[in-house]
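Q: Sequence:
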Amino acid sequence: MSTVQLRASLPTVDAVVALLPSGAELPSGVPWAALGFTGEAGDVAVVPSGDEQVTAWVVTAAEPDAEQQRRAVAKGLRAVPKATRIGIDPSRLPEPDLAAIAEAAVLTTYTYLDYKGTEAREKTTVVDTVTILSPDARKAATKRLVDEAVVVAEATCVARDWVNTPPGDLRPPSFADAIKAAAPAGVRVTVWDEKRLAKENCGGILGVGAGSDAPPRLVRLTYNPEGATKHLALVGKGITFDSGGLSLKPGASMMTMKCDMGGAAAIVAATNAIARLGLPIRVTAYACIAENLPSGTATRPGDVLRMRSGATVEVHNTDAEGRLVLADGLALAVEDEPDHVIDVATLTGAAMVALGTRTTAVLGNDDDLQERVLAAAELAGEPMWRLPITEEIGAAVKTSSIADLRQHNPKPYGGTLFAAAFLRAFVGDASWAHLDIAGPGYNDGGAFDYTPGGGTGAGVRTLVRLARDLG
Numbered sequence: 001m002s003t004v005q006l007r008a009s010l011p012t013v014d015a016v017v018a019l020l021p022s023g024a025e026l027p028s029g030v031p032w033a034a035l036g037f038t039g040e041a042g043d044v045a046v047v048p049s050g051d052e053q054v055t056a057w058v059v060t061a062a063e064p065d066a067e068q069q070r071r072a073v074a075k076g077l078r079a080v081p082k083a084t085r086i087g088i089d090p091s092r093l094p095e096p097d098l099a100a101i102a103e104a105a106v107l108t109t110y111t112y113l114d115y116k117g118t119e120a121r122e123k124t125t126v127v128d129t130v131t132i133l134s135p136d137a138r139k140a141a142t143k144r145l146v147d148e149a150v151v152v153a154e155a156t157c158v159a160r161d162w163v164n165t166p167p168g169d170l171r172p173p174s175f176a177d178a179i180k181a182a183a184p185a186g187v188r189v190t191v192w193d194e195k196r197l198a199k200e201n202c203g204g205i206l207g208v209g210a211g212s213d214a215p216p217r218l219v220r221l222t223y224n225p226e227g228a229t230k231h232l233a234l235v236g237k238g239i240t241f242d243s244g245g246l247s248l249k250p251g252a253s254m255m256t257m258k259c260d261m262g263g264a265a266a267i268v269a270a271t272n273a274i275a276r277l278g279l280p281i282r283v284t285a286y287a288c289i290a291e292n293l294p295s296g297t298a299t300r301p302g303d304v305l306r307m308r309s310g311a312t313v314e315v316h317n318t319d320a321e322g323r324l325v326l327a328d329g330l331a332l333a334v335e336d337e338p339d340h341v342i343d344v345a346t347l348t349g350a351a352m353v354a355l356g357t358r359t360t361a362v363l364g365n366d367d368d369l370q371e372r373v374l375a376a377a378e379l380a381g382e383p384m385w386r387l388p389i390t391e392e393i394g395a396a397v398k399t400s401s402i403a404d405l406r407q408h409n410p411k412p413y414g415g416t417l418f419a420a421a422f423l424r425a426f427v428g429d430a431s432w433a434h435l436d437i438a439g440p441g442y443n444d445g446g447a448f449d450y451t452p453g454g455g456t457g458a459g460v461r462t463l464v465r466l467a468r469d470l471g
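Heads up: the sequence shown begins at 1 in the working numbering, then just goes up one per residue.
These are computed hints drawn from the structure, not numbers from a lab. Careful: at least some of the hints might be erroneous.
BS3-like cross-link-like pairs, simulated, lysine-lysine; straight-line CA separation at most 25 Å [stated by the list, open to error]: (1) K82 - K123; (2) K195 - K180; (3) K411 - K249; (4) K411 - K398; (5) K116 - K82; (6) K180 - K199.
Now the in silico label distances, taken between C-beta atoms and shown as ranges [unchecked claim]: (7) V126 - D444: 17 to 27 Å; (8) V126 - A185: 20 to 30 Å; (9) M1 - T190: 25 to 35 Å; (10) R144 - L35: 34 to 44 Å; (11) D444 - A140: 41 to 51 Å; (12) G349 - T390: 18 to 28 Å; (13) A375 - M1: 24 to 34 Å; (14) R300 - T84: 46 to 56 Å; (15) R121 - S253: 24 to 34 Å; (16) T118 - R300: 40 to 50 Å.
The beta carbon of each residue, even a glycine, is placed where N, CA and C say it ideally should be.
Generate the whole structure from the sequences, applying the supplied hints.
A: Given below as structure tokens:
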């Protein structure tokens, strides 16, 4: 990851990204008209500005908010793809948001080269340092804001790395090991293997992992700072590869299914960032990890699983496995009696049908918590939208003829709502919100703004913002 630093003057750099508010007077000495540069928001022009140096002029809104500044920084950085030492000059903006600028610098310059050969690595430009210009660079409060933004952005990049890792190299045991290795000071990690999962009656996690020779895991992270009065529980779906199980996916649909552990990656990365920031809130996180493969030992459609909560679930479609592992994680989470419970999962394709590939669906049983999630998401720059859990859909969850609950919607619509209604059955009266990141959790197209292709780290920044608010 790039090093981001704050300075009162720029060192020698290859390129400068200069941010301009719309309507501002353009600097003299540049043939703006010839460059097609009008000074309107969205304009970008790269011009020589010294020996072996260029300046990328980027116009944003007249009074840009944090997200507009993030996107402007990203546009400028992408305009100088060969630069390895970059300066950012936001001094012409009316109110530079240095934290947002630093965050965008880390997120935009992210690269994943772990599986590239030497020749490909040598041809890839990796940004070494990004220096942000500010007259307040020496102020402790300003430096702290930037440092904290970098912590959150780097945590997002760790989640991206895990999602991008090939599924054969990140199976349930190795993912659990990676989580344990990444834990910072102050975070305690406990791993339950298949024997402990059986002892603890986690039939959902065990049922999903039954077809794989790599046994499932549950990883519990605890961060409990002295003086914390609020307790937030996080639960993440960690399907390291989803073939659909015996309800097998088409081959093309499997190509991105290494991303099906993006929810677990997000809640772990967020917990680690919360600890590194020293936020005054207790956090307990549950990463529910399994690999969903077909075999002679796999769970079958028609099987009944007995869950951690004691409820029985009739399986109708083994490709609706995420809700089964989450159900056990949610049941464990509410046993701790937290103030709020939030789960994050790449759960339903229906969420993408409803909201597209860049917006997270938010559902739950607590209006206030859902609104606080949306407020945190807006500050973080992560688009989210609320969906309901209707009475009709809620009733359909209880229509199994042989078990307490059915796991899959009997009708071919409302899939996101049904999945959330199913999860609601495992949280009781706890304050709960569900984040379906099926769309934004993985970008199978080209990079946009500060989001790369591949793993995105969706949800991490929102969860950290929310923890600040709740704490």
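Q: Against each hint, give a clear statement of whether it holds in the structure.
A: Hints, one by one, checked against the model:
1. About 10 Å separates the Cα atoms of K82 and K123, which keeps this hinted pair within 25 Å; it holds.
2. With a C-alpha separation of about 19 Å, the suggested pairing of K195 with K180 holds against the 25 Å cut-off.
3. A C-alpha spacing of about 19 Å is found between K411 and K249, which places the hinted pair at or below 25 Å, so the restraint holds.
4. Between K411 and K398 the alpha-carbon distance is near 14 Å, which keeps this suggested pair within the 25 Å criterion.
5. Distance check on the hinted pair: K116 and K82 sit about 18 Å apart at the alpha-carbon level, within 25 Å; holds.
6. Restraint check for K180 and K199: satisfied, since their Cα atoms lie roughly 22 Å apart, inside the 25 Å limit.
7. About 23 Å separates the C-beta atoms of V126 and D444, a value consistent with the hinted range of 17 to 27 Å.
8. Under the hint 20 to 30 Å, the C-beta atoms of V126 and A185, about 29 Å apart, fit the expected range.
9. Hint check: M1 to T190, Cβ distance near 28 Å, so the stated range 25 to 35 Å holds.
10. Separation of R144 from L35 is about 39 Å and conforms to the stated range, judged on CB atoms against 34 to 44 Å.
11. Judged by the Cβ atoms, the range 41 to 51 Å given for D444 and A140 holds: they are separated by roughly 43 Å.
12. For G349 paired with T390, a C-beta distance near 19 Å keeps the hint of 18 to 28 Å intact.
13. Against the hinted window of 24 to 34 Å, the Cβ-Cβ separation of A375 and M1 comes to about 28 Å, which satisfies the hint.
14. The hinted range of 46 to 56 Å is satisfied by R300 and T84, whose Cβ atoms lie roughly 54 Å apart.
15. Distance hint for R121 and S253: a CB-CB separation of about 31 Å, consistent with the stated range 24 to 34 Å.
16. Between T118 and R300 the C-beta distance comes to about 47 Å, which sits within the given range of 40 to 50 Å.
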